[in-house]
Amino acid sequence: MMTYREAVDYIEEIPKFTKKHTLDHTKEFLKALGSPEKGQKIIHVAGTNGKGSVCAYMQAMLMAEGKRVGFFTSPHLVKINERISLNGTPIDDDMFLDIFCKVKSRVDEMGEAGFAHPSYFEFLFGMGMAAFREMNPDYIILETGLGGRLDATNAVEEPVLTVITSISLDHTQYLGNTIADIAGEKAGIIKSGVPLIFDGSSKEASEVLKKQTEIRGSHCREITNRAFEIREITDKHIAFSRVNAYDDNIVWNLKGAGIYQAMNASIAIGAMEQLADWPVERKRYELWREALSAVTWEGRMEEVLSGVYLDGAHNPGAIEVFCESVRALGESQKEEELPVILFSAVADKEYESMIAYLCSHIPAKAYVVTEVEDKRRVPAGRLKEVFEQYTNQPVFAGRDLAEAWETAISLKEAQGRMYCLGSLYLVGMVKNRILGNGEGV
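As numbered in our numbering, residues 1 to 441 make up the sequence shown, in order.
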């Protein structure tokens, strides 16, 4: 019998001896597991940015209605168990190990029959579906890993609802170089006769998604920036109202300072309306409102220490809405109160575009760069060079997080703010150190 640590090590080693497979391979994998996806009410979610937040909001509202909710997400920030959860709680180590052993047994049998070993993501997806079969949730929220059309999660053929969040340029080497190309890949999750709720912020993406729903005979509902109005934004919360005839006098409150969360919450509410009996009763909206007000989603303008915020922005589109959120907070222009930026990135992201936009839109006292713990990391020296091309403010480099953190904290003024962004790996590293030490790094 393997230990939990040995199981995690095995999974982490998978990329070294296999690669991504076709959807047909994933479907065969699910069959080998006994088709755990069959008979489940699955909400399938794709998009460039906002997927995790929309999923978290839907999970909260479903739970408020007394539903048991399974959630498969990626990546994890601190611990791999985070990828598979029930009612907001990751499966524990014992269940993780038990499910791992069952899945690995089927994988070994597949190998003997001549089938290639599942990829890293495929294996974890199989574990998630196998775990949900045992936990028997009322709904499963399934977040795509990359793209949509060819993503392992798209082996699920009969979801009850599909959701596509904000679409922008990311993973262009895999998904295409235009918004339309990327939207086409995300649209791959749309199924015949299955409703779609989607973010209509991009006209180019919307045209692609609408066309695909027409082709597949699916009903779609577009959520645009005109669907809601921001009432208030502080460094602790956002208040907004929806512009329609049913709940336009309800003020929805969200934790955190990410202005983009108003759109994500609106998409989640739209998804819930689609699942609910129509028209939705007032008391149901109030139940959802209370649920949303309590949601904390890690790494999205999350205040982890006084004046220190983590944001998972890791592509140009996410950097743009991050900057919009910071500007909405009304940052002081006094030199001593300007924020400090702690930044890192991986090489397959458009980090130069991210840095250029950040420097031109957020006045900062200083920038501190470091390296994430991943083979795709961009060297701190390279990040420093890029920042210095776009700013005259001081730029400091620390190869490890401890050094970079100490530098950034020393530069942060008592009344100022510090933002950590550029990579979800950085978010995870900071959280891991804070959790491990009880306070700062």
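Errors might be hidden in some of the hints.
What the hints assert, rightly or not - Pair ranges (Cβ atoms, derived):
id, residue 1, residue 2, range
1, 160, 115, 25 to 35 Å
2, 211, 160, 16 to 26 Å
3, 280, 329, 46 to 56 Å
4, 3, 389, 14 to 24 Å
Said to hold, decoys possible - Within a straight-line C-alpha distance of at most 20 Å, the following computed PhoX-like cross-link-like pairs (lysine-lysine) qualify:
id, residue 1, residue 2
5, 41, 191
6, 79, 375
7, 384, 19
8, 104, 27
Calculated from the structure, these hints are not laboratory results. Just so you know, even glycine gets a beta-carbon here, dropped at the ideal spot from N, CA and C.
Now for the hints, and whether the structure bears them out:
1. At roughly 30 Å, the beta-carbon separation of residue 160 and residue 115 lies within the given 25 to 35 Å, and the hint holds.
2. Between residue 211 and residue 160 the beta carbon distance is about 23 Å. The supplied range of 16 to 26 Å therefore holds.
3. Between residue 280 and residue 329 the beta carbon distance is about 32 Å. The supplied range of 46 to 56 Å is therefore violated.
4. A C-beta distance of roughly 48 Å is found between residue 3 and residue 389, which places it outside the suggested range of 14 to 24 Å.
5. Among the hinted pairs, residue 41 with residue 191 is consistent with the structure: their alpha-carbon atoms are about 14 Å apart, no more than 20 Å.
6. The hinted pair formed by residue 79 and residue 375 meets the criterion: a straight-line CA distance of about 18 Å does not exceed 20 Å.
7. Proximity of residue 384 to residue 19 is assessed by CA-CA distance (about 33 Å); at most 20 Å being required, the pair is judged violated.
8. For the proposed pair residue 104 and residue 27, the alpha carbon gap of about 16 Å is at most 20 Å, so the pair holds.
The earlier numbered hints that this structure contradicts are 3, 4 and 7.
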